[in-house]
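Next come the chains, spelled out residue by residue.
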Amino acid sequence: MESHMDPDLALFERVVQQDKAAFRALYRKFYQPLFHFLIRMLQRQDIVEEVVDDVMLTVWNKAGDFRGRSKVSTWIIGIAYRKGLKSYNKNRREPGMDDLAQHAGRIPGAADQSPDHSLEQQQLAEQVQSGLETLNGNHRCVMELTMLGYSCAEIADIVGCPVNTVKTRMFHARRQLKDHFGQSESLNPQAGGEV
Amino acid sequence: MTSRLLGSSHKEQFLNLPWYVNGTLSPDLREQVRAHIEQCPVCQEEVASLKRTQAAMTRNLDPVEIDEARLEHLMAHIDQSDGKAVKREKSTFFFGTLQSFIASLFSHRLAWVAVAPVVLVAVLLSSSPMIENGTAPYKTLSSGEQTGEQTIRLNLTVGETLNREEILQSVTAVVPGIMLTPEANGRHVMTLPDDASPEQVIRVMDKLRLHPSVHDVQRVNE
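If you read the sequences in order, they're chains A and B.
Going letter by letter, the first sequence gives residues 24 to 218 in this note's numbering.
Going letter by letter, the second sequence gives residues 4 to 225 in this note's numbering.
Pulled out of the complex, with its shape left as it was, chain A reads as follows (with noise of 0.2 Å):
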């Protein structure tokens, strides 16, 4: 139990008492966050929008059921793991959910290029996006809310496997970002994952 320790709690004892002022700022709150985390898994802007919103329903409908396990925002950030995971599965064969590279560097969400971003940056972020792109769900996940600051226990919870499952995860993810690289200078990865 982090209760004493989490920032949304108050907040969100308020939505589980069913205060529709409080939900307001709850997603507000949380809207940015959970928009930043699908974009990358789902990349159409129409299609995030919607399963944010259905989140946040969920959050509404299911806010009873938080038991105070985990941080709200891991619980929150878990159903957004889900309900993305089966949008994803759901719409992968549409149009643009599949060709990351070819969205890398004008992700809706993501900021646009100004002029003193160096070309390597640029180069860089793309390489990541394609190298993303060849993970597969679940890997990718873990990856994500990793570089988003979650915390290896969090993402277990969000997840729902074992913490050592998720450093396995995260050890095959990088080691498989390491062969899309390749000898790549930007990463480098020289250690090639050995250990």
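Don't read these hints as lab results, they were simulated from the structure.
Every value quoted in this text rests on a predicted model; they were computed, and no experiment measured them.
From the three backbone atoms N, C-alpha and C, an ideal C-beta is built for every residue, glycine too.
One thing to keep in mind: the hints can contain errors.
Residues from chain A that keep clear of chain B, each with C-beta distances beyond 10 Å, as calculated [said to hold, decoys possible]:
(1) L34
(2) Q55
(3) G101
(4) R105
(5) K109
(6) S110
(7) A148
(8) D202
Only some residues are given here: those of chain B computed to face chain A with a beta carbon under 7 Å [said to hold, decoys possible]:
(9) T56
(10) Q57
(11) V177
(12) V178
(13) M182
Given chain A, put chain B in place with the hints provided.
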């Protein structure tokens, strides 16, 4: 032995590096990993690589504007759902309780030992012909009229040597769940389940007409 221990430690620390980089390790673990990195060139390179990857993955994320119209639409949907939820509450209570019960069965394996005989008896009862006190989906004549469906009733004129069990056995082979009720005037009324097909009704009537104890069969609600 020492190298194996070192190798094991390296593997453990290597697996923790992504969370060392994103700053979510506990202070103790963070210190362990940091101490290892200081003496491990492979992990040093991995940390650098992870930092570059993280920077590449997060640098482009802009603040996102909330679409107020979408939020209002969602709130309107919630307002609408609240109205329906009140009506649904009573009906979902039973299913919610049932769901919790089933979930508890899966979480406590021993509970199956207690529940299995009950389930077995219930299955046996439900599979037996429900003749007199069964729970087949009957509707009364009046409820059939209300819903537009017709309850299938047959008036039987029978002889004095009527063997009810024998008659029922012959017709329930055609349609399970038939009821046979004696009436005050010496006649009997046979009620068929609503879902009996016209062909099944005809077969039942044929069987009754051929039965030696049955003198006449009339369908009440043609």
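Structure-based check of each hint:
1. With a least beta-carbon separation of about 16 Å from chain B, L34/A lies farther than 10 Å from that chain, consistent with its non-interface assignment.
2. Chain B draws Q55/A into its interface by the beta-carbon criterion, the shortest separation being 5 Å against a cut-off of 10 Å.
3. Listed as outside the interface, G101/A is consistent with that label: its C-beta sits roughly 16 Å from the nearest C-beta of chain B, beyond the 10 Å cut-off.
4. The beta carbon of R105/A is kept farther than 10 Å from every beta carbon of chain B, the shortest such distance being approximately 18 Å.
5. The non-interface label for K109/A is consistent with chain B: the shortest C-beta to C-beta separation is roughly 19 Å, beyond 10 Å.
6. No Cβ of chain B approaches the Cβ of S110/A within 10 Å, the least distance being about 16 Å, so the stated non-interface status holds.
7. With a minimum CB-CB distance of about 5 Å to chain B, A148/A fails to clear the 10 Å threshold, and the non-interface call is violated.
8. Chain B leaves D202/A outside its interface by the beta-carbon criterion, the shortest separation being 13 Å against a cut-off of 10 Å.
9. The restraint placing T56/B at the interface with chain A holds, with a minimum CB-CB distance near 6 Å, inside the 7 Å limit.
10. Interface restraint check for Q57/B: the shortest CB-CB distance to chain A comes to about 5 Å, inside 7 Å, so the restraint holds.
11. With 7 Å as the threshold, the beta carbon of V177/B stays out of range of chain A, its nearest partner Cβ sitting at about 46 Å, so the hint is violated.
12. With a cut of 7 Å, the hint placing V178/B at the interface with chain A is violated, because the nearest CB-to-CB distance is about 43 Å.
13. The beta carbon of M182/B comes no nearer than 44 Å to any beta carbon in chain A, farther than 7 Å, and the hint placing it at the interface is violated.
Checked against the numbered hints listed earlier, the structure breaks hints 2, 7, 11, 12 and 13; every other hint is satisfied.
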